[in-house]
Each structure stands twice: as structure tokens, then as C-alpha cells.
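Novice: The lines below spell out each chain.
Number of protein chains: 4
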Amino acid sequence: MRMNDPGLWAARYQAVRGHTLALAAPLSAEDCGAQSMPDASPVKWHLAHTTWFFETFILEVLEPGFAPFHPAFRVLFNSYYNGVGDKHPRAQRGLLTRPSLDEVKAYRANVDGRIVALLGGLADGAARERLAALLTLGLEHEQQHQELLLTDVKHLLAQSALYPAYLERPLAAAAASPLEWVACEGGVVTVGHDGDGFCFDNELPRHRQFVEPFALASRLVTNGEYLAFIEAGGYTTPALWLAEGWDWARAQDLRQPLYWQRDEAGNWHEFTLAGLRPLDLHRPVTHVSLFEADAYAHWAGARLPTEGEWECAARAHGGLPGDVPAFAHPSEMDDADVLRQLFGHCWQWTSSSYAPYPGFKPAAGAIGEYNGKFMVNQYVLRGSSCATPAGHARVSYRNFFPAGARWQFTGIRLAR
Amino acid sequence: MRMNDPGLWAARYQAVRGHTLALAAPLSAEDCGAQSMPDASPVKWHLAHTTWFFETFILEVLEPGFAPFHPAFRVLFNSYYNGVGDKHPRAQRGLLTRPSLDEVKAYRANVDGRIVALLGGLADGAARERLAALLTLGLEHEQQHQELLLTDVKHLLAQSALYPAYLERPLAAAAASPLEWVACEGGVVTVGHDGDGFCFDNELPRHRQFVEPFALASRLVTNGEYLAFIEAGGYTTPALWLAEGWDWARAQDLRQPLYWQRDEAGNWHEFTLAGLRPLDLHRPVTHVSLFEADAYAHWAGARLPTEGEWECAARAHGGLPGDVPAFAHPSEMDDADVLRQLFGHCWQWTSSSYAPYPGFKPAAGAIGEYNGKFMVNQYVLRGSSCATPAGHARVSYRNFFPAGARWQFTGIRLAR
Amino acid sequence: MRMNDPGLWAARYQAVRGHTLALAAPLSAEDCGAQSMPDASPVKWHLAHTTWFFETFILEVLEPGFAPFHPAFRVLFNSYYNGVGDKHPRAQRGLLTRPSLDEVKAYRANVDGRIVALLGGLADGAARERLAALLTLGLEHEQQHQELLLTDVKHLLAQSALYPAYLERPLAAAAASPLEWVACEGGVVTVGHDGDGFCFDNELPRHRQFVEPFALASRLVTNGEYLAFIEAGGYTTPALWLAEGWDWARAQDLRQPLYWQRDEAGNWHEFTLAGLRPLDLHRPVTHVSLFEADAYAHWAGARLPTEGEWECAARAHGGLPGDVPAFAHPSEMDDADVLRQLFGHCWQWTSSSYAPYPGFKPAAGAIGEYNGKFMVNQYVLRGSSCATPAGHARVSYRNFFPAGARWQFTGIRLAR
Amino acid sequence: MRMNDPGLWAARYQAVRGHTLALAAPLSAEDCGAQSMPDASPVKWHLAHTTWFFETFILEVLEPGFAPFHPAFRVLFNSYYNGVGDKHPRAQRGLLTRPSLDEVKAYRANVDGRIVALLGGLADGAARERLAALLTLGLEHEQQHQELLLTDVKHLLAQSALYPAYLERPLAAAAASPLEWVACEGGVVTVGHDGDGFCFDNELPRHRQFVEPFALASRLVTNGEYLAFIEAGGYTTPALWLAEGWDWARAQDLRQPLYWQRDEAGNWHEFTLAGLRPLDLHRPVTHVSLFEADAYAHWAGARLPTEGEWECAARAHGGLPGDVPAFAHPSEMDDADVLRQLFGHCWQWTSSSYAPYPGFKPAAGAIGEYNGKFMVNQYVLRGSSCATPAGHARVSYRNFFPAGARWQFTGIRLAR
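Chains as they are written, first to last, in my numbering: chain A, 20 to 435; chain B, 20 to 435; chain C, 20 to 435; chain D, 20 to 435.
Treat the hints with care, since some could be wrong.
Because identical chains share one entry, a pair is satisfied inside a single copy or across any pair of copies.
Keeping only pairs whose Cα atoms sit at most 20 angstroms apart, straight-line, the calculated EDC-like set for lysine to aspartate or glutamate is [said to hold, decoys possible]:
hint, residue 1, residue 2
1, Lys-106, Glu-79
2, Lys-380, Asp-215
3, Lys-106, Glu-263
4, Lys-106, Asp-58
5, Lys-380, Asp-282
6, Lys-106, Asp-272
7, Lys-106, Asp-215
8, Lys-106, Glu-388
9, Lys-380, Asp-220
10, Lys-380, Asp-213
11, Lys-380, Glu-79
12, Lys-106, Asp-282
13, Lys-380, Glu-231
14, Lys-124, Asp-143
15, Lys-106, Asp-266
16, Lys-106, Glu-283
17, Lys-106, Asp-213
FYI, nobody ran anything at the bench for these hints, they're computed from the structure.
Hey, can you work out the whole structure from these sequences and the hints?
Specialist: Set out below in C-alpha cells:
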């Protein structure tokens, strides 16, 4: 999108920024301040860090007479940009009771006003195009944090024995479709982002891969199927597991997905953003690690797809990402395509290590730290989840997490 | 105090309980929820746990038709009483964003109302005496948590680069008195609580000890004196330190007391409950561990007193605990006695390991877990601090912490 | 090699087995017993475990009236085969002072005798072919442990301030050739083992990949080049590093490759199997992690090759593995090919995560645990090193280690 | 003992030094090199460190033209004397395969020869007296390491599933005497070393303590009595335990003393220096921590004695340490005194934290690091054990270990 109409840009900016605040609205200031593990961040920190991103990478560069909203915020809300300077320790973000939530909201309002003013004040030309590019990146970044905000607060709420709901809403029951295998021919295929729209640097360059013929499952693995794996001794059979996964699971004595629990009567429940619910056997299993996904696939006589296979099949047989995800929980609803549940339910683990595409070039400067420096010991997930904001998903999108991560909405699509 | 006038008891109960809320008043709900380290607890947890104490040990026993305010609170707000049942993990108290601060205040109000009703409803006799004893213990327990609330929130506020003050208040400057040595004869002396007033079980039985002649410093070690120790290489000279203390200090690369910091110009500052302040050389040094206190004493050609020596000297030459401590910070003010600063400034490390007095008997049941089970690998501190509530200190009082604890208002009184 | 002539098999068996003992010959029983880190194993353990492999996977299956040499050895010398049963804890292999080195040698002799007897006693047919396959795997396994024995004992000897040599031998000095870039066309290339000879399961199936045009460095990075990286601030510039690598290096305060040290006069030395030596600037840098290799490549304006690129270039432009490596240290000697130092100097880190080839199938039973279960969070190294036994290297060989491993003879070949 | 007859001194020196070698004689070089945990040291290290003590504190001071046997040994075999300089890391003593055991024996022989030569060469006077004092300290130090050598090697041998005996010797069975309570009057008693013989600095000054009347058990707690505690749920009843002890035991899932194990048929065995033996219910329980001793005492309705009580009772009612301990294991044999098993069976935990006696002064210089710097977070044990060398025990002897130590021959004597 080019910078033809600053008013449209301002509207889009305010819509995305406003959605973040709307996601925080059901939460108290107390809920927004706590950090339940080093991998997660407080909601307040998400609100502030996304604002810091606009202040640091846009206002500091383009605003005449720039002065920071608060000098200490440059350190407090820097996530991982070494090029920007010092960082507050990641594991201690939950100790920042000051600034308060209200002060962070004031910080947001201040930066938002200055961004909108900047939009109105720029003449045509290179500066305006540069602003358009940075603004787009900032808003995509904000959307990534919208998803993290939900998964992080879900993890936090799960720590309390009260099991509070983030939002009370009914979760309708339904039946899963039969699992079918969708055949793909493979050969030399093209992978990576195409077209004019935005993409992250890690989706480029578009390039060729050679893919052997394969088949992809028509839908995600369900809770019921995963429960059968558990009941067949899946968590106690080392031959099904990667060696590191086995050690990882045993060290924590894992026996089920994150957020599953069994009551004294033996009934399974699952903690959701809508509170603790009886386990719905037809919904997709979620909150499993790559290790668990791989062990399940092994047990089921299948395997995980590579990201090239996933993208190739999705381009051939999948639909487009929908517009309005229901962020409470992955559902069993079909999207009426051959490959169902590609988007809007669970991120799908692939067997592909997160690596640069041939010819990958990160951006210059601190903003180049966005993606490339994480390309080791992480695995690619494809699709999108029930927590992904509308308009953020793409068929070439590459999400990535370490093999043991479980607090995202991660699920399993089989290949063979 | 016997249970002659229930109205007086209710007034005392409400005064102590109200003081806890007053201590929390300058803090936001966010401030009250965070936990800066496993040793510290959130303010909200202090508010709830002290209420749990009255509910569990009084209402559950004495209230007709008792029903808990909330069944989950029995676990959430149990500190360490195995006899009561399960406990929420100590290091995760900061993750309890639910119940909210308002719900905890409602819990306090509910229990307070029921306690006052109980006071009014009891006939004379054994039940009333038992209530008096339990109520007294509960209020003394509440006062202990009032002090912890202040030291814990100080530790929390120190984590933010904003260095916010708990309370803005001026700290007057003044001169320290010269250090003098107060001689004591020793011999067979009597140690432990006497009289009719309340004491904890660990202050009994009153018993005899043999003490060699000794001298005790007339006042606490000052910041200026401790700075001289630092500048003389105190933190880099292993010969001054206990072996475990040396390893402890080196593992953390310690070079000054907790809350001291030096700015780029080389000037020392100290974080206080009134914010970051220039280091006042005349005030007592505080927030030092036993290891640091012992190393300082070694460097100064002296030693730490035993708790028997401290009590013996305090009984002979000290004043009584004052009534109105100024909780912002230890001061340089004299109390006009031979032994100054015994109470109301800093707890004073002794060389005595925390151990039972000969013939010590803890109470029966879960309440007997109050003191005795901690009598290993901890050291006794005597006196009281600027954060100790009025009316809580006693000459026989035995505070105790591990040798590496620094977040209490701990200071140094020399002996030789 | 088929089982036509049992006598030739017996000779080959005894030659490989004898070479392991020869490698241990310069070491005392004390040297053979110690374990310097959990990743490394004692020499004695290598001697016993390789014997356990033959006993468990051949004698236990094929020997009539099989009885174990010692029942406890089944557990003591199992490395990671869950299918075989319990294992002695990996990190405590150095505590097995019993059985003694002499007893382990007796164990070797016993098993060797029974294997040779088995060879002589089998009639033609399927059992003989099965024995041939297992024997080959056992000997290749033994050769892998020959290399580990050397790298593990090097790590151990480096722990002593005496810096003892494993073997005293002169290391001749010489000049490195200029670095040239060897261009490769890429396209759809075929990767994986071909021909009749032995390969591990992870080298199969032979399959196609699509490779963009690239160039590979004609030789390995030298100590001199790596020193320039250090002197240019390579270890203190986060922008050069993968994020996880930066954290890894800072947590250990790394500033040079493993085994490099600088004396008080500022001269660099390198600990080798021939003792502590002045750093030879013309030899290949070795004992670097993937993180360091990647940071160096980044600094040099290049990158690491993928394993597909490496194999493609080696097949087109490389020589065959030589017969007689000099195990003391990587050298600067040219092999007179376009791509030099492919084999016999340093294993070469690739950017490829260790993953199954399309259609990979591990063997059935416990022996299938050989390779597949390690295919996560490890990176592929290609080529071979100065410690690889003669006859063990192949152009399709896939070695693999975690990104932080440094105690193998690992080096850097650049691509672009 | 004064330095009247150098020949007698040389004989005593050689007898003690020779005994250390005799203790190592049943062990292989492999056995002598391994370190089973950071708290324990390899036998070879004991042999070298005790030699280092004589070289550093005597030869370096008194030998004309002193030159070290090997410069690196000054660092390698320094235990904890910061005043002497750097130290090899304690946890890595087992990695010192060089110098070899033979080289360490040569080191011993060299230093022994020079010490004996020094004895013969000194004229009368102050230097000779100083030598006598240092030699005595060195030999007492050597004897302490003789005991540690045995307890450390026992811990090492227990790591092997082969459960090898240090020495094969029969352990005769017998009956324990009934437990009786020996009453002591207490009052102002005198504690600490008296007389002319050697003592460590921590046994001085002799001083007064006030002790209330008490009774001490006539013998140690037996295996049978301790087994009753286990069977009554001792390890699963938190009310019996110190809070830190309970956490300590649960974190390791402890359910019996170190070295006890139960076979599949439910029979208890105990690993001893004579190998794995059926548990003898009449022998004293040993290898228990202070935490376990305290919990047992609590369960038995008794308590542990203070060290003042122990010494007072032992002086009044005990015998002298015997001359020839049987180092294989604590026995049930009576010593025919009122208080039995004071010496030569198990060290007896007291409730006394290890602290300086009033007026304690460590020696000047590095040798002053011997005792004083460990006087925090350790507990005093009195008596001596089956591993204590003949002539080393004293009624005033203060042994000390942390509350969780179990690998010494530690046992329980009750008080009340």
C-alpha cells in the first residue's frame, strides 16, 4: 500500500492500535502487570513495547525536534534490539509496576497523536514512502503482539486455582470431518511471498525447491485422536520420540498437552480463554510442542510436513485466510475447502528448521534484527491460529518457535 | 491481656488490621500484585494471608456454622503450615492476579466482621480466654507482616529504573554520635521473656546462660564507617570473610550493600522508601547480610555479639522500644540512652544461630509450626527496625534470617 | 562387502578392533577412566561400549547358548538404546572405576574371540548375510568411537595445568594457499549415498534437491583469518551473531576458540594432541561452534554452505578421502584438488539442520535408534577430520552436533 | 610434645605418612583418581594435598634454598587457602589424571625425605619448636584426610552397580545393649581442651557454659530403631522435620539413610567398606544427616544434645578413645562404660551450630584459615568414628559438617 491518502493510513493505524487496547479491555491492571514465565510478557509490556516500536523506529527518525516521551522507556520497553541499546531483563518484565497501566496508556495516546500528526505533515516523496514502509512494519508487528498478548494472558490466568475466563463465551459443539489424504505431485515448486502486499523479510526471496510427491491430511488432528495416543501409552513409549523430546518430556513428567487436566472422576478438561471446559473430542488438539507433534505423527504412522510441502499444498488446495477469527479456541468448523483448518485454528508444526531462504537479506540497521538472528534451533509453523488477528495471515507466513514451546495455539497436521 | 472487655479487644483488633490497609494505601493494585523474588511476597498476598490466619485458626475453630469465605483461599493463602494442607507455590505468589485486590479487601472486611461478631457473642470462660490468646497471636502475626510488607515493597520498587518512592517524605540530616564501648560484666545471666505480656514461643523458657565479660558498641555502624571498609578493599580481601560468605559475595559480584549505587560521577546513592537519595554518611548502614556484617566486624578489629550478650546489655543499659517509629529509613537520631539505636532503626545481626532455648516447647497442632521448625541455618537478629510497627518490639524478641538475607532493615552493632 | 570369505572378515574385524586399543595405548589407566564433561566419555567406556555393541547386537542374537560376559555390563555400557533397557547415567561414566581397565580389556578379548568363532561357524545363507551387515555396522560404529576417543581425551588432558601431550610429535609449519571461490551451477541435484558400499541409514534415500547457483571456498578458514575476526571485535559485536549464539557466548564469556589461550606476553597458543603449541596462523581454525562459524562468516561477508551445496560441490570438484590421516591436528597441507581440505582436517559446519531425507526409514528394533531419533536441534557437518580413521569418510557422510559443540575438530568452509 | 628427640619425631612422621599409603594400598590407580561428588576428593588428591601441606607450610618456610617439587602443584593441590594463592577448582579434582598416582607417590617420597632431613639439621631453639608445632599440625591434618579418604572412596565405590568392597572382611553379628538414660546435673561447666597435648584452635579457649540438667542416651540409635522410624512414616510426616530438612528430603525424594537399599524381595541391605551386606539391626545407624537425626529424635520424643552437654557428659561418664578402630563399619560392641560408643563408631550430631568459643583466635597467616572461616551454617559433631585413625580422637574434638551431609560416618545419640 503506498502513501497516497494519509487519512486512510491514519484510519488503519488507529484501527489496529485500537484493537490492541480492546484486547486488553477485559483485564484488570493487575492482570496486565504479571508475567507467568520468561517466555511470556505482561499485557502492559506488550502495550508499551509496540508503542516503543513506533516511537523508536519512526518518530525518532522522522519527527522534527523529536524528544522521547520518557527517557527510561527506551530501555524498559526494548525487546531484543541490541542496535538500540540496553534492555530491561526479559524475565523481570512482570516487576515493572511502574510505569502504571494508566501511564502506559498515556504513552500510547501520546505516540499515536504524534504519528497521526506526522502522517498529516509529510510532503510527497521519499520520506512519505519510507514512512509508509515503516508504518506497515509497525502495524504488522503490533498484530504479532496482539496474538502474543492473548497466549500470554491465557498462560497467566491458568496459574490461578480459580481458572478465570478471559472472556465468557459459549463454545458450540460439533462433529469433526473424516481425515482424508490430499495428494500433491511435488517436483520443482516455488516457495515464498509473491505479489505486491506486505510480507516479512523471512518470506523472501521467492525461490525454487524440489519436493517429492506427498500427501497432506485434510484437517488437523483432533483431541479425540490425541487422547487415543495418550491412552495407548504415547507418553511412556520412548521409541516414538525424538531423543531430546523424550528427555524433555520425562524431565517435566509430561503426560498430556498444556492446559489439559483430569478431574478426580477421570474426566478430561481443557483450560481455554473461555475458562475451564470439558474436553471436546472433535476440536483440534492444541498447545502441543513439536516433540509431541512428532511423537504423535510417528505413532499414527505418518510424519510432519516440511514447510515447502505445506505451502505447496496450501497454494494448490487451500482457501484464503478468513477475516474474522474467533479467538476463544480452535474450533471444529470446516472452511469448505479440500484442505480444511489451514488458517484460524492452530499453527501447524512443520519438520523444517527455521533457516534463511537462499539469498535472504535482512534490512539494514537495528530493524534488521527482526527475524534473521533467530534462525537457529527453532522450527517453522505454518497457517495461523484462532488468536491471529484478521488480515494478518498469509500462505507464505513463517511463524517459528523452539521445539518445546507449548503456550501458543499449536496443532498437528499430518503428512506422509 | 485477658478478655475482660470485648469492646477493647475489638478496638485493638480493628486498629491493627486498619494499619495494614493504611500501609498499602500509597500503592496501586499493580504495585500490590507483584513479587520481586521468592523470599518476598506481594502486598496483596500479605493482606490475604494475614486474613487467612484469623479465618483458619480462629473462625474455623470457634465460629458456629463456619463456612470459608472461598474454598480456594485455604490453599492460595497458606504460607507454610503443612498441618493445614496444600499451599500455592511460594515463588508464584505474584501470578495470582485473581483474586483481585478488591476481592482481597472484601475478604478482609468479611473476616473482620465475623471476628468482631465473635468477640461480642462469647460468654465468659475458657472459650473467651482461648480466643484472647489466638487473637493476640494473630495480631502479632499481622504486625510481623506489616514490616515484611514494607521491606518487600521496597525490594519491588527498586526493580524499576524509575526508582519510585513509596512515600515522599524529607529525610533530615544530622551528625552521628561517637562510637563508645559499653562494658558488661557477664557471668550467669538470665535470658528470655519475663513478665505477663505476650511473647512468641521462641522467647521461652526464660533460662540461664554463662557470659564472659564483654563490651558492646554504643551505637550502630554508620554508612560512613562502612564506606571506609569498602574503600579499604573490604569486598576483595578474602581473609576478612567467612568462607561461605566469600563464595556467596563473589558468585554475585557484590561490592556494596543492597540498594547502594554509584552514579557516573562517583557519588554514592541509596534507594530508600522515600526514593533514591544521596548516601547519608551519618545514618546507620543497613541492608547488609550477616556475611557482610561479620566481615566488617573482622576488619574493624571487633566481632558481632551473641544474642545472650545483646539481651544482657540491653536489659542493663538500654531504653525501651519507642512508640512511633518513622518507617522511611534508619536515622541517626539518639535515644538518649547509653546504648543507642537498640530499637527502631536496624535489626542487629548476632553471631548466634537460631536454636531452641533449653526446654523449648512449640504449641500443639498446626500453629506449632510458627517458629520451631525454622531453627536451623538461620541467625538471630535483635532489636527492631524503622519498619517495625509501634508496640511490637521487645528486649527478648528473636528475629531470624539466613546469613545471606539483605532485604530487611539489617545493620551492625559491634562487640568485643 | 558380502560374506564370501569369513577369514577376510575376521582380519578386518581384528584390524579395526586392534586400532582402538592402539589409540588407547599411550594412555594410563587413570587417563582412561576420567570423564571431563557429560558430552565426553572416558576412554575405558569407549572400549567397553563398542564391545557391548557387538555382544548385544550380534552375539546375543546369533551365538548359540549365548550368556553375557557380565550381567551388569548390559546396563553399564549401554549408551542410549532404550530398546535394550536401562542405562548407567551418562554424566557418571567417569565414576566407574570398577570394572578396571584390565577387566574391560578382558571383556574385549572375550567378545572378540566369540565373534571370530561365530564367523568361522556359520553356514552360508541368510544368517551369514545378516552377520555381515551387523558386523559392518559394528565396525563403522567402532570407528566413530575411535574419533570420539581422541576428541574426548584431548578435552580431558586440557583440564590439567600440566597440558600433557597425548602423543609427542612435531607439527611441521607451512604456508596456506590463497582462498579462491569455486563456482557451482546448482539446479536439481542428487544428494545421498550411491553405490554398493556401506553407508549409515541417514545417508539414504538418495534424492533430488534444488540448489541455486553458489560458490564454495577452496579451503578452510585459517587461524590467521580467525584471529583477524577476533581482533576486529568479533566476540563483542552482537550484530554478527545469531541471537542464541550471542547469549551462549556471553553467558560463558567466550573470546576465542576452545583450546586457544594467550600467555602473559600476549602470544597465542593452542592446545593440541601434541601438547601446547604456538598458534600456527596457516593451519585451519578448529574447535569452533556453529555459532562462531556463523558469526565469522557474517563478518567475512559470506555464509555457511548447506549440506546439499557441500555435497554437490564435493562431488564435482573434490577429491576422495585420503587413506592415512595424521590425527595430531588439522594441517595446512593441500590435497592438490580444486576444493582442498575436504577430508582429513576439520569437519565443516553447514547451515543445515539435521533432518531425515525424504523417505528416510530407520532400521527395525533397538538398532533403529542409531540416527533418526537425534534429528532435532542439531546441525550437519560434512567432510572428515584429522581424527577420523582411515577408510571411514565418505562424500555423503552426515556428521551432526548441537550448535554449541566445540570439542570436535570442527572448522569453517565459507560459501556465498 | 616438644622437639627433644628428632629421631622420635621422624619415626612418628613416617608412621602417620605411611599409614595414609597403607589406606590407599587396596585401591587401583583408577580408584584413586575419580571424584564422585564435589564434596569428596579423589584418593590421589588426598595423597598430594597432605604432602602439599608439609611442603607449603614447613619446607617453604624453613628449608634453606627451598625450591618446589613442581611449580604447578602449588595450585593443583591447594584446598582452600586463599592466602597461598590460586586453587584448582574443587569440583574438577577428578579430572587430574596427570600427575599420575606414581608421580604423586614420588612427590610424597621427595617431601618426606626433605622433612626428615630438616628434622635432623635443625639446631635447638625457636626454629625447632616452630617446626614441632607445624609438624604436629601437619600430622593431625594428615589424619583428618585419612578419615576423609575412607569416606570418599566409600562414596565412590557405591556408584558402581558392582558394589565392590574396599576390603573384604567379615562383620561379626552381635546384640545391642538396652538404651538407658544417663543423668547429668549440669550447672556452670567447663568446656574445651585442657592439658598439654595437641588440639586444634577451635577447641580453645577453655571456657565456662551454663547447662541445665539433662540426660544422655547410653548408646547410639540402632539400625533397627531407625527402621521402625521409617516404617512409622518418618520420611513422609512433615511435622517431624525442620522446614529446611523437609524441603531437602523431598527435593531428593529421600526415604532411607545413604547406602541403604531394599532388594526386590523387600530385604534391606547396607553398602559398607566390606561390600553390600544385609542390614544388621543391632549396629548403629550411620550416614544420616542432621535433618534426619533431628527428625528421628523428634519422633522418639527426645532431642539431640548440645555440644556442651555432650562434652560435659563424656568427661563425667565416658571412657577414653580406644587405640585401634576397625574402619570397616560402626559396630555394636560395647566399650564397657556407662556411656558407650562415644568413640570409634559414629560421629554424633549435636544441635550446636559451629561457632567460635568466646575469645577464639585463629593463627596468623594462611594457616589461620584452618578452622575459623567455616564457622557458619555448619553443625558440630562429637566423638569419633570407625574411620578415625588411632590417636586422633579427643573429648574436646569438634568435627563439623553442613546439616545435609551424609557421607561421613554420622550417627545419632539422643538427649532429653
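Novice: Would you mind marking each hint as holding or not holding in the structure?
Specialist: Against the structure, the hints come out as follows:
no., hint, verdict
1, Lys-106 with Glu-79, "within (18 angstroms within a copy, 49 angstroms between copies)"
2, Lys-380 with Asp-215, "within (18 angstroms within a copy, 42 angstroms between copies)"
3, Lys-106 with Glu-263, "between (31 angstroms within a copy, 16 angstroms between copies)"
4, Lys-106 with Asp-58, "within (15 angstroms within a copy, 25 angstroms between copies)"
5, Lys-380 with Asp-282, "neither (51 angstroms within a copy, 40 angstroms between copies)"
6, Lys-106 with Asp-272, "between (34 angstroms within a copy, 19 angstroms between copies)"
7, Lys-106 with Asp-215, "neither (35 angstroms within a copy, 57 angstroms between copies)"
8, Lys-106 with Glu-388, "within (14 angstroms within a copy, 42 angstroms between copies)"
9, Lys-380 with Asp-220, "within (7 angstroms within a copy, 35 angstroms between copies)"
10, Lys-380 with Asp-213, "within (16 angstroms within a copy, 35 angstroms between copies)"
11, Lys-380 with Glu-79, "neither (24 angstroms within a copy, 55 angstroms between copies)"
12, Lys-106 with Asp-282, "between (43 angstroms within a copy, 19 angstroms between copies)"
13, Lys-380 with Glu-231, "between (28 angstroms within a copy, 15 angstroms between copies)"
14, Lys-124 with Asp-143, "neither (31 angstroms within a copy, 57 angstroms between copies)"
15, Lys-106 with Asp-266, "between (33 angstroms within a copy, 13 angstroms between copies)"
16, Lys-106 with Glu-283, "between (45 angstroms within a copy, 19 angstroms between copies)"
17, Lys-106 with Asp-213, "neither (36 angstroms within a copy, 52 angstroms between copies)"
Of the numbered hints stated above, those contradicted by the structure are hints 5, 7, 11, 14, 17, listed in ascending order.
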